[in-house]
Structures are given as structure tokens and as C-alpha cells.
Amino acid sequence: GAVVSQHPSWVICKSGTSVKIECRSLDFQATTMFWYRQFPKQSLMLMATSNEGSKATYEQGVEKDKFLINHASLTLSTLTVTSAHPEDSSFYICSARVPRTGTYEQYFGPGTRLTVT
Amino acid sequence: DAKTTQPTSMDCAEGRAANLPCNHSTISGNEYVYWYRQIHSQGPQYIIHGLKNNETNEMASLIITEDRKSSTLILPHATLRDTAVYYCIVSNNNNDMRFGAGTRLTVKP
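Read top to bottom, the protein sequences are chains A and B.
For what it's worth, the working numbering labels the leading residue of the first sequence as 1, then goes sequentially.
For what it's worth, the working numbering labels the leading residue of the second sequence as 1, then goes sequentially.
Residues on chain B that point at chain A, a partial pick, calculated with CB under 10 Å:
#1 Y32
#2 Q38
#3 Q42
#4 Q45
#5 V85
#6 Y87
#7 S91
#8 N92
#9 N95
#10 D96
#11 M97
#12 R98
#13 G100
Rather than coming from a laboratory, the hints here were simulated on the basis of the structure.
Glycine included, every Cβ here is placed at the ideal spot set by N, Cα and C.
So here's chain A without its partners, still in its complex pose (with noise of 0.2 Å):
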């Protein structure tokens, strides 16, 4: 199957400072590429569509000016998460979009733990 790498898998950092998650599709080329964010004990919860070239679409309730997502290449995606709090302390996940013909599939990032401390 396809692989997304996601760097770094855990990062701990200091309230009011940046953090910046990098997502890759290694076998191939993703146009669409997805970020979601994870509470513990809850499901996913899809936070903004990353299209390659262009601006992304951000879901309901998400600030755009605090989750900058950046999707400058067909393989990589970023997420950077400005002046981070302790609320934002969560799991990213990512995901890319495997066009085959006929079905969609989407392949899964290992995750990246933020602590906020």
C-alpha cells in the first residue's frame, strides 16, 4: 500500500512558540492531502483539506491563521501550529489521497503527538 511519513512523531514544546509538522506521500503523488487532529479517547476529527497549489479548505471552528497549512509540492504537506497553548496539546494526523481509478483511498501519517507545556 501507499506510505505518508509524517516528522517528527512527538514534539514537546513551550507555550507561544511554533511548531511545524511535515507530512509526506513517499510512493507517490498526492494532490489532496488531509489534516486531522486527535483528544485522547475521541475519534478523528478532520481539521482542513490541503490541496497542492493552492489554499486550504479549513472545516468548521478551525483558525486558519493559527493552523497555517502549506502544500507547496505533489508529496509534501505541512502543518504549522502558531503560538501554541496548552489546548492544542492533541495527535495530527495526516493523510493523502490515492487517485486510482473508479475509488479514492486515503492512506494514513503515523500520527505526530503535540505537548504544549
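Let chain A serve as the given structure and place chain B on it in line with the hints.
The following block gives chain B in isolation, referenced to the frame of chain A:
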């Protein structure tokens, strides 16, 4: 709005088949049924998907009812490593994957 309904939790004996049900009574004609699972602290893993025919791969089988309002994921010989949260999602080619609460499957020795 949740488009699928799954039991909150299920247990299965190791070596036995695990049958995970999913109701999707409002599924549209162009929507596929996808199954993913998430093992603790990892990203979701793709299992299988289908439109209306039953599907089988090396991981599982997917049985979709004729009216497409429900489906069952079958793990033929569950192992302890199959313990995870299993998500049933309906989506068409233009939409993203939106996760419900899923079913927490516990495989017991």
C-alpha cells in the same frame, strides 16, 4: 451528522472470526464503504473498501447488503494484534473521510 452507526465495543476470542457490523442507511448511490482501524497511538490503517459487491483481501472480507444500507467487516481469524478501534466510513470520490466513534474490538486469548 454521523453517516454510519457502529456498536461501541465488541469482544472476540483469539482464532475466531470477528464480525463487525455497520449501518449506513442513508448511503448514496455513488458512496463507497471504507473500513479503517486504529491501533493505540498510531495513524489509521486502511483495511478494505467496496461499493456494492462483496470484497476480500489479505486482511479481511467486506460483506455489503443488497440494499447497501449495512455492511459487515469480517476478520476471519482474529489475533491479539487485531485489537483496535475499527471505523466504518462512507464517502464518495469527491469527499474526505470523516470518522465516527468506531467500534473498539478487543481480541481475548
